[in-house]
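Protein chains in written order, with the working numbering: chain A, 1 to 115; chain B, 1 to 110.
No lab work stands behind these hints, which were simulated from the structure alone.
Every value quoted in this text rests on a predicted model; they were computed, and no experiment measured them.
All C-beta atoms, glycine included, are put in the ideal place defined by N, C-alpha and C.
Treat the hints with care, since some could be wrong.
[Unchecked claim] Derived CB-CB ranges, DEER-like:
no.	chain 1	residue 1	chain 2	residue 2	range
1	B	Thr-51	A	Ser-98	13 to 21 Å
2	B	Thr-51	A	Ser-80	43 to 51 Å
3	A	Gly-40	B	Gly-40	30 to 38 Å
4	A	Gly-53	B	Lys-109	28 to 36 Å
5	A	Glu-103	B	Glu-5	42 to 50 Å
[Claimed, not checked] For lysine to aspartate or glutamate, the following EDC-like pairs were computed, each having C-alpha atoms within a straight-line distance of at most 16 Å:
no.	chain 1	residue 1	chain 2	residue 2
6	B	Lys-105	A	Asp-38
7	A	Lys-9	B	Glu-41
8	B	Lys-109	B	Glu-15
This is what each chain is made of:
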Amino acid sequence: NAGVTQTPKFQVLKTGQSMTLQCAQDMNHNSMYWYRQDPGMGLRLIYYSASEGTTDKGEVPNGYNVSRLNKREFSLRLESAAPSQTSVYFCASSLRTSPNTGELFFGEGSRLTVL
Amino acid sequence: TQLLEQSPQFLSIQEGENLTVYCNSSSVFSSLQWYRQEPGEGPVLLVTVVTGGEVKKLKRLTFQFGDARKDSSLHITAAQPGDTGLYLCAGAGSNYQLIWGAGTKLIIKP
């Protein structure tokens, strides 16, 4: 079972470049999330989508945009990458529609370095 | 702002020893989850505790939710190398957010 699949797993960008992180889940989950993980800071929510057609800002949305393409797919876009966006990005999904209930299923992560 | 503080940040012990990891806050949470994350992978849910004072056991792991639902602990008995990983707690806070602790990095040496 694939679960949550993220691409790419690794990416190096120069400051100012743009890129999109792709995420797909095959569990028919309602909600999907994008988190970033930085050393010593835990996981911070960037954006989430409680259901197909809706997106909401999380704790650290600045510099990012998202698209819930359909029930399966949720992408994260960096329009003009900055070194502060160097991080490991995780996509997650949940059967529940609220971010603070239910089990989150995570992808393997995408390690992004911005030079 | 709701915060969750985990301690210790790092723990390295010998196989067979016992250990406890703590997750503390001044805020009340409606529930609290514990996840384990291995290098190069995403976190995986271990347990969810909901009721104040609740104790849940998962083989050698014992999870407890504080009576006031502000804190939680994870106790591992007779730790094994397979327990190595980053342990994260996450509390269900207000505004429908999950509040994450920074994690405890655990290394069990054979």
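Tested hints:
1. Thr-51(B) <-> Ser-98(A): 13 to 21 Å: holds (19 Å)
2. Thr-51(B) <-> Ser-80(A): 43 to 51 Å: holds (47 Å)
3. Gly-40(A) <-> Gly-40(B): 30 to 38 Å: Between Gly-40(A) and Gly-40(B), where Cβ atoms are some 19 Å apart, the hint is violated.
4. Gly-53(A) <-> Lys-109(B): 28 to 36 Å: Between Gly-53(A) and Lys-109(B), where Cβ atoms are some 50 Å apart, the hint is violated.
5. Glu-103(A) <-> Glu-5(B): 42 to 50 Å: For Glu-103(A) and Glu-5(B) the Cβ distance comes to about 23 Å; the hint is violated.
6. Lys-105(B) <-> Asp-38(A): Within the cut-off at roughly 14 Å; holds.
7. Lys-9(A) <-> Glu-41(B): holds (11 Å)
8. Lys-109(B) <-> Glu-15(B): holds (6 Å)
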